Amino acid sequence: MNGEAHSAIDRPQFASLLESMSNGAIAVDSDRTVVYANRGALGMLGQRREAVVGQAVSGAFRVFFERAQSRTAADRLARFEHFYDGNWYIIQVFPLLGADGLSETPYTIVTATDISERKKREFEFLEIAAGLEEATRIAEMGTFKVLWGSLAIQWSPHAYIIHGVRPETYHPGGGNYAELVHPEDRGFVTRAGRELVEGKPVANLQYRIVRPDGVVRWMRMDGRILFDSSGAGYASFGTIQDITDAKQREHELQELLKRNAILYEALEASPIGVAVLTAEESGLSMLYVNAAFERLTQHNSYSLNVDGLRALVADGDRDQWQSIADYLTRSEPGSFDASCRRRDGTVFPARIELAPVRDYPGREATAFVVNLRDMTSDRERAAALLQSQKMEALGQLSGGVAHEINNLLQPVIALSDLGGDVLGKDTEKARKYFEVIGGSGRKAREVVRQVLTFARRDTPQLSAQDVVPLVADAVNLAAKGLPPQLDVKTDIRLTEARAVISATQVSQVMLNLLRNASDAMKGQGVVTVTLNEETVVDGAPKLAGLKPGRWIKLTVQDTGCGMDRDTLSRVFEPFFTTKPVGKGTGLGLSVVYSIVAGWGGTISLDSEVDRGTTAVIYIPLHS
Amino acid sequence: MAHILLVEDSPEVSMSVREILNSAGHTVEDAGTGKQALTKLKAGTFDLIVSDIWMPEMDGIAFLKEVRGSGNKIPVVVISGGAPNAPLTYTAPLASTFGANVVLYKPFEKGELLKAVSSVL
Chain A
1 MNGEAHSAID RPQFASLLES MSNGAIAVDS DRTVVYANRG ALGMLGQRRE
51 AVVGQAVSGA FRVFFERAQS RTAADRLARF EHFYDGNWYI IQVFPLLGAD
101 GLSETPYTIV TATDISERKK REFEFLEIAA GLEEATRIAE MGTFKVLWGS
151 LAIQWSPHAY IIHGVRPETY HPGGGNYAEL VHPEDRGFVT RAGRELVEGK
201 PVANLQYRIV RPDGVVRWMR MDGRILFDSS GAGYASFGTI QDITDAKQRE
251 HELQELLKRN AILYEALEAS PIGVAVLTAE ESGLSMLYVN AAFERLTQHN
301 SYSLNVDGLR ALVADGDRDQ WQSIADYLTR SEPGSFDASC RRRDGTVFPA
351 RIELAPVRDY PGREATAFVV NLRDMTSDRE RAAALLQSQK MEALGQLSGG
401 VAHEINNLLQ PVIALSDLGG DVLGKDTEKA RKYFEVIGGS GRKAREVVRQ
451 VLTFARRDTP QLSAQDVVPL VADAVNLAAK GLPPQLDVKT DIRLTEARAV
501 ISATQVSQVM LNLLRNASDA MKGQGVVTVT LNEETVVDGA PKLAGLKPGR
551 WIKLTVQDTG CGMDRDTLSR VFEPFFTTKP VGKGTGLGLS VVYSIVAGWG
601 GTISLDSEVD RGTTAVIYIP LHS
Chain B
1 MAHILLVEDS PEVSMSVREI LNSAGHTVED AGTGKQALTK LKAGTFDLIV
51 SDIWMPEMDG IAFLKEVRGS GNKIPVVVIS GGAPNAPLTY TAPLASTFGA
101 NVVLYKPFEK GELLKAVSSV L
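Quick note, the sequences are listed as chains A and B, same order.
Number 474 in this note's numbering belongs to position 474 of the first sequence; there are no gaps in the numbering.
Number 24 in this note's numbering belongs to position 24 of the second sequence; there are no gaps in the numbering.
Keep in mind the hints are simulated off the structure, nothing from the lab.
Just so it is clear, the structure is predicted and the values come from calculations on it, not from any experiment.
Glycine included, C-beta positions come from ideal geometry on N, C-alpha and C.
Watch out, some of these pointers could steer you wrong.
To be verified - Derived coverage of chain B by chain A (criterion: at least 3 residues anywhere in the stretch with Cβ under 8 Å from a Cβ of chain A; other residues may be distant):
hint	segment
1	18 to 32
2	51 to 62
3	97 to 108
Please model the entire structure based on the sequences and the hints provided.
What follows is the structure, encoded as structure tokens:
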């Protein structure tokens with residue numbers, strides 16, 4: 001090969017030249033035969049010199065050489081980067097000049113420097129830079145740099161964006177920044193800026209800016225010092241972050257926490273027992289009970305969690321608790337009077353109200369609020385009211401009773417006198433006198449019995465009785481205490497209707513309602529008492545909140561002065577009265593209410609001013 | 001002997017009062033209410049009225065007002081069992097105000113009524 005000839009001639013010259021190069025280098029002659037390869041080139045090719053020299057250029061160097069030849073004439077001598085077989089190289093291809101430095105030789109030198117490590121770092125840096133840019137964008141963060149010598153300030157693009165300014169029209173240097181800062185925060189921000197260029201870092205400096213469009217935003221600035229290679233500080237570098245959203249969230253969170261705390265305290269302070277049950281897949285779980293609930297039941301949420309509301313079921317009242325459970329299952333609101341068992345086994349009368357909590361209307365309840373009230377005091381109070389109402393009614397009735405008895409005693413006394421006169425002379429007449437005397441005596445005895453029944457102190461025993469004769473009798477008894485000009489008409493459309501009631505209470509209910517009617521009509525006019533039956537069908541619009549079933553409907557309708565809305569809304573309140581001082585106790589309707597409620601019934605009033613009032617009572621029909 | 005109009009709604013009271021008056025030789029005509037009594041008063045001639053107060057339709061006080069309002073000066077003895085909605089003591093002044101000559105409270109003795117009747121005849 002002719003390459004062999006060249007190499008023989010020039011070898012020492014090539015060797016001294018190429019071995020002095022730290023990179024890989026080869027020399028090729030005009031027909032591409034390698035005339036010399038230095039150690040670096042052999043390392044890159046992984047071959048011994050004998051296998052390379054004298055051979056056509058091959059491997060990496062052949063690629064580099066051809067790549068250089070393909071470049072334009074102007075670029076042919078320029079260094080270029082080339083990626084080959086997993087590594088980055090800087091390639092330079094140049095003609096070898098003669099010893100005079102001007103004359104051409106037939107040789108070309110190809111050098112390749114492995115820059116893979118540098119390239120790798122460069123890419124890493126680019127990656128970091130890109131990541132940083134992305135991160136600052138996501139974090140609503142801009143960066144700044146202040147050169148201490150010139151006090152020149154450089155902002156990253158995002159620093160402009162978060163301040164609502166544009167690099168074309170705004171420059172942060174020369175005290176301009178202070179104008180962006182909220183006037184109230186300007187002092188300490190300016191001070192921190194001055195300290196930063198004096199070499200003092202800032203950390204977590206929070207302040208407000210007012211953007212040119214007037215929007216106020218919260219910023220956070222962090223800054224540190226940049227040092228040169230000699231260890232001297234020359235610049236400040238830092239970040240400015242828009243933390244408005246975080247501030248807002250922080251504020252909202254604070255408000256939420258404050259509100260939660262208030263709600264919690266309010267629940268804890270409530271005199272009503274409150275428990276919150278959550279609906280889990282496994283059933284209802286006790287989430288919370290307030291202090292009143294714990295006090296009333298002697299339980300806490302932990303001890304209740306084991307058994308749930310079952311822990312409160314009193315043995316004697318299982319049916320009522322079963323209906324509570326049914327309501328919970330159906331996610332329905334409801335109000336129940338049930339006996340409630342404390343943890344120590346004692347029992348108290350309770351009112352339990354259920355309110356389902358739904359995420360959206362119509363959805364299954366996700367939780368229940370259970371209100372628990374101890375009705376002991378209410379019941380005792382109702383009993384006292386009942387008694388005082390009885391006493392009042394008794395006073396009212398006593399006039400009527402006295403009238404009755406006086407009339408009955410009249411023949412007893414008169415005929416006793418006359419009987420003595422005619423005795424033995426006219427036995428037929430005497431017999432008649434004594435018949436009347438006996439009859440009057442028996443009637444007087446009955447009157448006295450009624451009064452005593454009415455005045456009995458003990459709680460009436462409820463039993464299943466026919467309401468029809470009781471209402472008729474009660475109307476007659478009550479009418480005795482009413483002005484004679486008051487016409488009480490009865491319209492009883494039932495032959496028999498049994499309900500769990502007490503005769504005494506029926507009397508009292510009728511007396512109170514009729515007396516109110518009489519007062520509303522100033523003692524004259526027509527009051528109509530009706531008695532019939534209504535059936536509430538499941539699914540039908542609920543009548544006065546009644547459960548499906550058969551109900552006895554008792555109404556007392558007057559044509560009196562009626563009531564306005566305000567009055568109507570308060571009539572069942574104890575001691576609420578529209579009557580003049582000394583004329584009414586304000587107990588009448590509240591007593592009626594408590595009695596009817598005790599029967600499991602309801603009472604409502606319809607009234608219109610100057611047209612009259614109708615009291616409607618529903619009593620569950622006992623089948 | 002007098003002809004007496006007895007106004008009383010209770011049959012037992014009416015019977016016993018009539019027997020007392022009959023026993024003293026008086027004749028008695030019965031009326032169950034104030035209205036009936038007014039009709040009978042117009043139709044006949046009476047020496048005396050004995051009247052209850054608390055009666056249906058027209059009570060004794062209203063009846064008394066009618067009688068006196070028409071200028072009739074006939075003696076009236078009121079017999080009262082007390083009004084159911086007013087204290088017993090209220091009846092006497094009320095009846096006197098409207099022209100009752102005597103007020104008697106039930107239950108009274110035979111002698112008390114006869115004494116009252118003779119005092120006004």
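- request: Closer than 8 Å, Cβ to Cβ, for at least three residues: run that test on the segment 97 to 108 of chain B against chain A and report holds or violated.
  value: Holds: 4 residues of the segment 97 to 108 of chain B have a Cβ under 8 Å from chain A.
- request: Verify the coverage statement for the segment 51 to 62 of chain B against chain A, using a C-beta to C-beta distance below 8 Å and requiring 3 or more qualifying residues.
  value: As far as the segment 51 to 62 of chain B goes, the hint holds, because 5 residues have Cβ atoms under 8 Å from chain A.
query: With a cut-off of 8 Å between beta carbons, are at least three residues of the segment 18 to 32 of chain B near chain A?
result: Answer holds; 3 residues pass the 8 Å Cβ test.
Checked against the numbered hints given earlier, the structure satisfies every one of them.
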